[in-house]
Every structure is written in structure tokens, then in C-alpha cells.
Amino acid sequence: MFARLRVFFRFQESGLLLVILALGVLLTVFAGKVRTPVFERAADGMRTRVFTTDANGERIPLTVEKNKFLNAQNLAQLAKDTSFIAVMAVGMAVVIIAGGIDLTVGAIYALASVVGALVLHRYGAEGLATTSSPVQGILLGAGACLGVACLCGLFTGGLIVTLGVHPFIITLGGMAIFRGIAFVITKGQSVGAFPVAFRDFVRFEVGDGLSFVPLMSMVVVLIVGWIFLSRLAAGRRVYAVGGNELAARFSGIRVERVKLGVYLISGLCAGIAALLSLGYYGAATSGDGQGYELNVIAAAVVGGASLTGGRGSALGVVLGALIIQMISSGIVILGIDQNYSQIIIGSVVIAAVVLDHLNTWLARRRLTATAH
Amino acid sequence: MSAYLEFRKITKRFPGVLALDDVSFTVERGTCHALIGENGAGKSTLGKILAGVYTADSGQIQLEGRVIAPVSPLAARELGVAMVHQELAFCPNLSVAENLCLGDLPRRAGFVDRAALRARARTMLATVGADLDPDTLIGTLSTGREQLVQIAAAVGTGAQIIVMDEPTSSLSAGETAELFRLIRTLKARGLTLIYVSHRMEELFALCDHITVLRDGRHIATEPIPATQPTRVVSQMIGRELRAHAPAHLARELGPVRLEVKNLSSAGAFNEINLNVRAGEIVGVAGIVGAGRSELVQAIFGLDPAVSGHILVDDQTLPLGSIEHALTAGLGLVPEDRKRQGLILGLNCRENTALAALPLLTRLGFVRRKAESALASKYAQRLRVKTPSLETLTAGLSGGNQQKIALAKWLARDCDVLLIDEPTRGVDVGAKAEIYQLLDELACEGKALLVVSSELPELIGLCRRIIVLRAGHIAGEVARAAFSEATLMQLMAGVPDAA
Ligand SMILES: Nc1ncnc2c1ncn2[C@@H]1O[C@H](COP(=O)(O)OP(=O)(O)OP(=O)(O)O)[C@@H](O)[C@H]1O
Ligand SMILES: [Mg+2]
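Sequence order for the protein chains is S and R.
Each residue of the first sequence is one higher than the last, beginning at 1 in the numbering used here.
Each residue of the second sequence is one higher than the last, beginning at 1 in the numbering used here.
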């Protein structure tokens with residue numbers, strides 16, 4: 001039993017799982033109850049309310065009392081919200097492990113969204129190309145969305161490699177540029193009305209409102225990220241460059257190519273998240289994803305990616321994303337003023353970094369401390 | 001009468017290793033006490049325990065009969081104990097004076113009092129007889145000078161015991177001689193030195209007593225006059241060391257594999273011409289700053305500003321491109337294992353496989369089995385002492401890190417291997433093993449260019465030695481004419497008396 005426990009604790013991500021468990025318990029205990037209406041799914045797949053008649057013979061909606069946090073709908077929502085952040089966080093983790101930082105993810109998310117939206121709109125109900133096949137429209141829209149995101153990643157990566165400027169500066173600039181472009185091409189307007197098939201696909205639900213596609217996308221990104229980082233030679237190079245760039249160069253690793261690659265990956269991940277959001281929310285504006293970089297970096301750092309480079313894992317950052325999202329939704333559930341959300345998440349990032357330092361320090365203490 | 005400094009039953013455990021196991025011995029005041037042992041025997045750990053970097057798991061240290069237990073380097077300093085680390089521990093972006101007084105900058109009204117700072121630094125430097133400008137940046141000093149500043153910091157703050165961990169491993173011959181002179185004066189002033197080194201001749205020239213550690217255990221403490229190097233070696237490694245005559249010398253040489261023509265790089269070296277044939281080991285000697293490392297790095301494509309021609313197997317190599325160098329079969333073991341050689345945050349397996357990664361991948365996937373097999377093959381061959389191959393290289397002793405840095409390039413199986421200081425910080429047993437490995441590579445028809453500051457190493461290993469001086473080839477010596485005197489004269493530029 002103890003041996004098994006010890007194996008569990010040696011497992012890098014066990015600390016994160018414990019935090020998630022603790023957060024879950026806390027939220028469940030303090031969330032309180034809520035009465036929610038009961039739905040039923042008719043034969044045609046439509047969700048309708050269930051009614052009952054009270055003592056006076058009036059039709060009243062049937063409700064049940066549920067825990068505000070621990071109920072299927074809330075968990076499904078949590079899963080969906082986490083998916084968006086987690087997908088981007090995996091990309092961010094790759095950048096951070098390579099010793100970089102990417103502040104552009106929120107802006108790439110916005111730009112990719114609106115470009116994808118403009119294409120999808122053409123094929124939507126109000127668009128010019130309504131008559132052509134929706135599949136063609138969806139593919140084009142998705143391609144545009146992901147393509148633009150990749151281009152943005154290549155752009156920042158390329159600048160970082162060729163100019164040799166610290167990525168913080170380049171991506172800080174890139175963040176403003178990309179969002180600016182998004183604003184200019186939409187003139188600040190919201191773009192919507194996409195092909196119905198696209199929205200139906202992304203919003204396809206299983207069980208009690210669990211959006212299947214975002215969740216599955218997250219799982220796929222997680223698995224691909226995990227394989228990339230831990231099994232592929234390319235992933236090994238990412239760790240090497242982040243761990244010691246000079247030694248990586250001396251080992252014949254093409255450091256520039258690796259750096260370019262990680263920003264491309266981060267851009268692509270932001271694009272995937274943007275595509276999911278297009279389908280889920282059905283519209284995009286240049287203001288989308290504002291402040292996402294904070295949440296995404298927070299997820300990566302909380303998930304154990306070290307800002308000094310060379311350390312981190314895909315599973316860790318996905319769990320980190322879950323923690324961040326639990327905190328955000330916890331703020332809503334506990335009825336704390338929304339405006340505190342940023343403050344709390346900011347504090348969590350700082351706490352995570354401090355904890356990380358504490359952990360390294362503890363490990364060193366453990367190496368040096370007296371045994372008795 | 002109780003001893004001046006006594007270690008009593010010191011035990012220290014790291015995850016997976018017993019670094020020190022019940023070590024007891026005494027050190028006399030005003031002596032230079034040598035500490036020797038294989039890589040990973042626990043020498044640095046013992047020094048660090050005395051200097052307050054680590055705390056022992058059990059056992060005690062007594063200084064003049066009182067138990068001391070320094071919990072931090074600062075606490076040790078207050079007890080009069082200082083350590084000169086091999087990995088130099090200064091801020092390169094600050095001046096000598098600032099580094100010397102970093103813990104206690106003289107202030108006036110909140111501002112740093114620059115005059116007082118400079119004056120104090122001068123007094124500290126004077127205690128070791130160093131005439132350095134206190135305003136020079138540490139980063140611009142040579143390793144020897146930087147070490148001098150470290151010693152000044154120790155002596156200047158009143159240290160009575162100084163631990164020196166492999167102080168000469170990156171010093172030139174001149175700097176080494178200077179250091180020895182300084183150590184003798186310190187000793188005459190009544191300071192006690194604990195001196196860790198793998199260079200037997202130094203220990204015998206300099207020290208009064210010698211303590212041998214093996215696998216964390218104390219083997220012997222003897223006065224130097226009562227022992228001999230061969231005895232110490234067998235105490236260290238627990239077996240006799242057989243001198244190995246290089247077999248490649250008896251073989252026919254193959255065609256020229258590496259040819260360098262008129263290679264120049266501004267400020268580093270000028271008009272270098274050399275070649276290495278298949279099956280040949282060519283040495284490169286020279287004092288620090290002669291341009292040796294710069295030369296091999298330029299051949300490997302790390303210097304974008306180089307001009308001239310490099311040919312590998314008669315094919316011209318584009319200059320300044322590591323990729324082309326690698327595809328042509330070149331490899332370089334760099335001189336600075338921590339900065340250039342290893343990724344300390346990756347484990348032994350990953351570091352060993354790093355350069356050979358392209359050979360170990362299938363469809364982009366790292367072949368785990370092949371990788372582990374390769375890593376363990378070299379770890380065994382080079383006698384790397386580590387709890388497992390999954391241990392981070394950051395936790396390895398200095399010499400074992402060097403072995404991994406070397407294994408990384410041996411694993412790549414290069415046809416032309418450039419090696420910069422192959423055995424820096426490596427113990428005698430492993431050195432012999434490395435020499436034999438290099439010999440085997442030469443016998444297989446590889447071409448090796450070996451840079452080393454240790455002349456005996458080059459003399460034992462090479463077919464001929466090229467001597468660099470101030471960026472020029474000062475001469476080439478064939479094996480028949482090898483002698484330390486000839487080489488040193490060429491290196492220093494002293495005209496041959498004969
Ligand atoms: N910080 C650490 N963490 C884990 N293991 C360590 C650490 N420091 C030393 N060790 C282990 O303790 C043992 C002794 O190491 P130490 O550095 O004292 O060796 P050494 O005798 O100085 O060797 P070398 O000649 O190579 O410098 C080694 O097996 C090493 O792997
Ligand atoms: Mg050591």
C-alpha cells in the first residue's frame with residue numbers, strides 16, 4: 001500500500017491531482033444548493049422542460065435541488081471551458097520548455113477567430129456562397145483559421161530567431177499587432193451566421209450537456225503533445241534548447257529551427273482553440289480572448305512548466321488549465337465579484353511560481369539536510 | 001594533544017548514493033592536506049561539508065577540540081573556513097572589487113562608497129600578492145586570475161582553512177606555478193589547506209599528507225614522504241593500474257581525413273594548416289589563450305567569421321555550419337562540460353544520446369531501447385558512477401559529468417573527432433580507460449585531433465603534436481622527439497638553447 005502511494009507521489013503530476021481534488025471538495029462544500037429545472041430529451045433530440053401540476057392543478061416547471069458545483073451541467077461546462085485553455089496551454093508549455101514565452105496566444109486566438117469567421121460567414125445563411133456545399137465552407141473556414149494562426153506563430157518565431165531579441169518583447173509587440181489586424185479587418189464588428197452544420201458538429205452533446213468535440217480535441221492535443229514532448233526526438237530537442245541553449249548548439253541541434261517550431265506549435269494550438277470557439281459560440285469579434293495569455297501562461301506555470309526552461313509536461317499543463325478554470329468558475333459559483341477574478345488568477349500564478357521555487361529549494365534541502 | 005582539524009565518522013547520503021561512509025581522519029595545522037580518490041569518491045562532498053555547503057547526515061567535525069557544524073558557507077566563513085570551488089562562483093558582470101565585498105558593500109548615506117570599496121579590495125588582493133585592478137570586470141579575467149580573486153576573498157576575510165577543489169584543472173602551466181607559490185606562502189603563514197586534485201605529481205610536490213577515499217570510505221591517511229604514487233593509485237582504485245601502450249602507433253596510417261588550409265579567424269588564430277589521417281591521433285598543445293579551443297570550434301563550424309578551407313575526405317566543407325560538419329562525420333567534445341557539453345537538467349541517458357539522436361530515431365520517435373543500450377554501454381565503459389542512467393547530470397560529480405560529455409560524442413560514432421580536454425577532472429583509472437578507448441577509435445581508422453593542457457597525456461597518446469602559440473602554429477613535433485621540455489619551449493616561445 002505504502003509502496004504504491006510512494007510511486008504515486010513520485011509521479012510528477014500527483015501534486016496537481018491533489019490540488020484539483022482539494023479544490024473540488026472545497027467548491028462542493030461551499031458552493032451551496034441551487035434549484036434547476038429538469039429537462040428531457042424528446043424523440044427528435046430537442047431538449048424540453050418537464051412540467052408537473054401542483055395542488056391547484058397549475059402547470060409548474062419541475063425542478064430539482066443540486067449542488068451548485070457538483071452537478072453534471074456545471075462539470076460539463078467546466079470541461080468545455082477547460083478545453084479551450086488547455087489546448088492553448090499545451091502549446092504554451094512547449095514554448096516555455098524551450099526557454100521562451102508567448103504572449104500572443106490571446107491575440108492569435110482573436111485574429112484566427114475573425115478570419116475563420118469571415119470565411120464561414122460567406123458560407124452561412126446570410127453569406128454570398130450560401131448555395132455551395134457547407135462542407136466545403138467548413139473546411140475552408142477551418143483551414144483559414146488554423147492557417148492564419150500558424151502564420152502568426154511563424155511570424156513571431158521568425159522575428160525572435162532572426163532579430164535575436166528576447167521573446168517577451170517580440171510577443172508583446174505581436175500581441176498588439178495581431179489584435180489590431182483583427183480589429184481592422186472586422187472594423188470592430190462581430191461576425192456570425194455560420195453554416196449550421198458546423199455549429200451542430202462542435203456543439204454536439206453527449207450525456208447531460210457535455211460538449212464532446214472540445215473535450216475530445218483537448219484529449220487529442222494532450223496526447224499528441226505528450227507524445228511529442230516525451231517520445232519524439234523533436235521534443236527532446238525542445239528540452240535541450242530550453243535546458244542549455246549553448247550546449248544544444250554544440251550538440252548539433254539547430255536551435256533556430258527548434259525555436260521557430262515551438263512558436264508555430266503555440267500558434268497552431270491557439271488556432272485550434274479559436275476554431276472550437278467559433279463553432280461553440282457561433283460568432284467572433286476582435287475582442288475575443290482578451291487576457292487569455294494570462295490564463296494560459298498561468299495554466300502552464302501552475303502545471304509545472306519552468307519559466308527558466310527545460311522542464312514541464314503536457315499532462316501537467318492540462319491539469320494546470322483545469323485548476324485555473326476551477327478557480328475561475330469557483331469565483332462565479334461562490335458568488336465572488338467577477339472583477340476579483342483577474343486578481344485571484346494573478347495571485348495564483350505568483351503562488352505557483354513561488355511554490356515551484358520552494359519545491360526546488362526543498363529538494364535541495366532534502367539533499368543536504370541532516371537525516372535525523 | 002588533540003588534532004587541529006578532525007573529521008569523525010562523517011556520513012553523507014544522496015538519493016541513491018552513499019557519498020561518504022563513516023569517514024574519519026585528522027589534518028594538522030599549517031599543512032597542505034591532499035584529498036584524492038576516483039570520480040564520485042566523495043572528495044568534493046567532504047570539502048563542501050567542511051565549508052558549510054552541505055550538512056553531514058551523521059558524524060562531527062572538530063576544530064581545535066571544539067565541535068563545529070557550519071550550516072551555511074557564511075557560517076563556515078565565520079569559523080575561518082573557506083572553499084575555492086572549481087566551478088567559479090562570482091558574478092561575471094561585476095567588478096573584482098564589487099565581487100570581493102559583495103556580502104558587505106561599504107556604504108555612505110545609502111550609496112556605495114566607491115573609494116572605500118576599492119581600498120578594501122586592494123588590501124584583500126594584497127594578501128595574496130595579486131596586482132589586479134579592482135575595477136576590472138570578473139568576466140574579463142582568465143580562470144587563473146578569477147581563482148586568485150577567490151583565494152583573496154578567502155584569505156582577506158581571515159580564513160584559516162581553505163579547501164581547494166581541483167584548482168589547477170583549468171589553469172595554464174604558468175598560472176599553476178603561481179598558485180603553488182601562493183599556496184606555499186599561505187602555508188608558511190600558518191594557514192591550513194585541503195587540496196583536492198587528480199594530478200598525482202602536484203600532490204606529491206605540494207602536500208604534506210594525503211588522504212585517499214574510495215567509494216565514500218576512508219582508505220588511508222599518510223604522510224607524503226611515506227608513500228608513492230603507485231601505492232596511492234592502488235589504494236584509490238583498489239587494483240593495479242596497467243600502463244597501456246597505444247596500439248594505433250604500430251599501424252599503417254590511412255588517407256588524410258581532415259585537412260585544414262589557411263584557416264584564420266580574427267583575434268583567435270591565423271593561417272592554420274594541419275591535417276589528420278585515418279588512424280592517427282594528433283595532439284594540439286599550447287598555453288591558455290593560444291587559440292586551441294577556438295581552432296577546434298571553428299573546424300566544427302561554430303565560428304561564423306572564419307576564413308580559409310576545411311576538407312573532410314577531400315570534400316570541401318562549407319565554413320561556419322555545424323550541420324555540414326556533422327554530416328561530414330565531424331564531432332567536437334567541447335572544453336567546458338557545464339556550459340557547452342551537458343544539459344544539466346536532462347538525465348545521463350538523454351545527454352549521452354543527444355548528439356546521436358538522429359541515429360536513434362525511427363519516424364521521429366526516439367528508440368528507447370537502443371537509446372538505453374547505448375547509454376549504458378558507454379556508462380560502463382567509462383566507469384560512470386551514478387545511481388542510475390535516469391539520474392540528472394546535475395547530480396553527478398565533476399569527473400563523471402566529464403565522462404558523460406565525452407560519451408555523448410563517442411556515441412555518435414564520428415569519423416573525425418575533435419576533443420578539447422578529454423580528461424579534465426577525470427580520475428586516473430578512468431583516464432586510462434579513456435586513453436584506451438581513443439586508441440581503439442584510432443585503430444578503427446578514425447581521425448582524432450586532441451587538445452590538451454596535460455602534456456603527459458598528449459605525449460602518451462599522440463603520433464605527433466602541433467604546438468600553437470598566440471594563434472600561430474609554432475611547430476610540430478613528431479613522436480620520436482616528444483619531451484615535455486621541447487613542447488614547453490615551443491609553447492612559451494623560448495628560443496631553443498641547442
Ligand atoms: N547534489 C547532489 N545530488 C545528488 N548526488 C550527488 C550530489 N553531489 C554529489 N552527489 C553524488 O555523491 C557522490 C560523491 O560526489 P563528489 O562530488 O563528492 O565526488 P568527487 O569525489 O568530488 O568526484 P570528482 O573527482 O568527479 O569531482 C557521487 O556519486 C555523486 O553522484
Ligand atoms: Mg569533485
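Honestly, the hints are just simulated from the structure, not real lab data.
Cβ atoms here follow ideal geometry from the backbone N, Cα and C, with glycine treated the same way.
There's no promise every hint is true.
Below, a sample of chain S positions facing chain R; criterion: calculated Cβ distance under 7 Å [to be verified]:
#, residue
1, 140
2, 144
3, 188
4, 233
5, 243
6, 307
Quick list of the computed label-pair ranges, beta carbon to beta carbon [unchecked claim]:
#, chain 1, residue 1, chain 2, residue 2, range
7, R, 320, S, 188, 16 to 26 Å
8, S, 196, R, 327, 35 to 45 Å
9, R, 370, S, 66, 46 to 56 Å
10, S, 357, R, 115, 30 to 40 Å
Negatives, chain S to chain R, calculated, CB over 10 Å [said to hold, decoys possible]:
#, residue
11, 17
12, 52
13, 55
14, 65
15, 76
16, 126
17, 217
18, 246
19, 310
Hints, one by one, checked against the model:
Because the smallest distance between the Cβ of residue 140/S and any Cβ of chain R comes to about 30 Å, over 7 Å, the interface hint for this residue is violated. Taking 7 Å as the C-beta cut-off, the interface hint given for residue 144/S is violated, the closest approach to chain R being about 28 Å. Because the smallest distance between the Cβ of residue 188/S and any Cβ of chain R comes to about 43 Å, over 7 Å, the interface hint for this residue is violated. With 7 Å as the threshold, the beta carbon of residue 233/S comes within range of chain R, its nearest partner Cβ sitting at about 4 Å, so the hint holds.
Taking 7 Å as the C-beta cut-off, the interface hint given for residue 243/S holds, the closest approach to chain R being about 4 Å. Of the supplied interface hints, the one on residue 307/S is violated, with its beta-carbon coming no nearer than about 13 Å to a beta-carbon of chain R, more than 7 Å. With their beta carbons about 49 Å apart, residue 320/R and residue 188/S fall outside the hinted range of 16 to 26 Å. Between residue 196/S and residue 327/R the CB atoms are about 54 Å apart, so this pair departs from the stated range of 35 to 45 Å.
Hint check: residue 370/R to residue 66/S, Cβ distance near 55 Å, so the stated range 46 to 56 Å holds. Checking the proposed 30 to 40 Å range against residue 357/S and residue 115/R shows it holds: the Cβ atoms sit about 38 Å from each other. For residue 17/S, the requirement that its beta carbon stay farther than 10 Å from each beta carbon of chain R is met, with the minimum near 22 Å. At roughly 59 Å, the least C-beta separation between residue 52/S and chain R is larger than 10 Å, which holds for a residue marked as non-interface.
The beta carbon of residue 55/S sits about 69 Å from the closest Cβ of chain R, which is more than 10 Å, so the claim that it is off the interface holds. Listed as outside the interface, residue 65/S is consistent with that label: its C-beta sits roughly 52 Å from the nearest C-beta of chain R, beyond the 10 Å cut-off. In this structure residue 76/S is separated from chain R by more than 10 Å, as the shortest Cβ-Cβ distance comes to about 35 Å. Separation of residue 126/S from chain R is adequate, the least Cβ-Cβ distance of about 44 Å exceeding the 10 Å criterion.
The Cβ of residue 217/S sits about 22 Å from the closest Cβ of chain R, beyond the 10 Å cut-off, so the non-interface label holds. Consistency note on residue 246/S: stated as away from chain R, yet its beta-carbon is not over 10 Å from all of that chain's, at 6 Å minimum. Remark: the non-interface label on residue 310/S conflicts with the geometry, its nearest Cβ contact in chain R lying 4 Å away (cut-off 10 Å).
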